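Asks: These protein sequence lines map, in sequence, to chains A and B. The numbers in our numbering rise by one with no breaks, and the one at position 29 of the first sequence is 29. The numbers in our numbering rise by one with no breaks, and the one at position 144 of the second sequence is 144.
These are calculated hints, taken from the structure and not from any lab test. In this text the structure is predicted, and so the values were computed from the model without any measurement. Just so it is clear, CB atoms sit at the ideal spot from N, CA and C, and this is done for glycine as well. Heads up, some of the hints might be wrong.
Among the chain A residues that face chain B by a calculated CB cut under 8 Å, a handful are [what the hints assert, rightly or not]:
id, residue
1, Lys13
2, Leu35
3, Lys39
4, Ala42
Straight-line alpha carbon distances no greater than 30 Å define the calculated DSSO-like cross-link-like pairs of lysine-lysine that follow [said to hold, decoys possible]:
id, chain 1, residue 1, chain 2, residue 2
5, A, Lys41, B, Lys103
6, B, Lys131, B, Lys4
7, B, Lys11, B, Lys107
8, B, Lys11, A, Lys39
9, B, Lys4, B, Lys140
10, A, Lys36, A, Lys24
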Amino acid sequence: MPIIVNLDVMMAKRKIGVNELAAKLGITAANVSILKTGKAKAIRFSTLEAICEILHCQPGDILEHQPTPSSQT
Amino acid sequence: MSAKNIAQFLKVIAWVIFIGTCIKAGALLLNIGIAEWVQPLATANLYDGLNLQPLRQYNELYYWQIASSVLFVFVLQAIFGWYLIQLAQVLQIDEPFTQPVAKYLTKLGQTALVLSIAALLTNSMAKWLDKFVPVLATVKAHNPASAEILVLAAVLFVVAYIFQRGIALQQENDLTV
Chain A
1 MPIIVNLDVM MAKRKIGVNE LAAKLGITAA NVSILKTGKA KAIRFSTLEA
51 ICEILHCQPG DILEHQPTPS SQT
Chain B
1 MSAKNIAQFL KVIAWVIFIG TCIKAGALLL NIGIAEWVQP LATANLYDGL
51 NLQPLRQYNE LYYWQIASSV LFVFVLQAIF GWYLIQLAQV LQIDEPFTQP
101 VAKYLTKLGQ TALVLSIAAL LTNSMAKWLD KFVPVLATVK AHNPASAEIL
151 VLAAVLFVVA YIFQRGIALQ QENDLTV
């Protein structure tokens, strides 16, 4: 998928673990892990807002669009 | 009726159907064997009034064709019952959209389709043979109606397709954070 989730990078920058972030977000650690590993199919605006608030960042810091070679042409 | 009770009820019904159809197929197979090797008179009542004696007297080959066709239909009914048990075992009423459920629904649809074709062929053969020897009534009494089973197969295929879509939606929902 051309959308890359950079949650792991932001979590490392803010020195926050999966369990701590999950507890602050009010979701399970498994769901944070799904998001972190890029397995997620979609993200709710409410979750994204909460992540941005906790990690003090912008949605663009979490999500990145990397065009696939076929879409570049 | 709670979800757990529905699942239990479905399991019991599936087992009853499977055991019933197994007894039917087993009894016919046993009686065909008895009629062949022990007592030829058993052909007069192979299973629950299935009288193929006039046909056997007329032509042995036609007798075997009809007897094996009816047996095949009975065995298919037992296989249908078996898949129904498998379906009842994997079905979770709270979260029904799973891959095994779709798999067994497809298998049930395929079995129903083969069953309807087998029933149609058996009926057609009996109808043709009825010109020479009265056999249609006795075969029809033990052969399921192919048109109804064909409709059932179509419904099962549609339900299986809906389940496939449901699985995709559920997976998407599970992976939405």
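Asks: Checking each numbered hint in turn, tell me which of them this model violates, lowest number first.
Replies: 1, 6, 8 and 9
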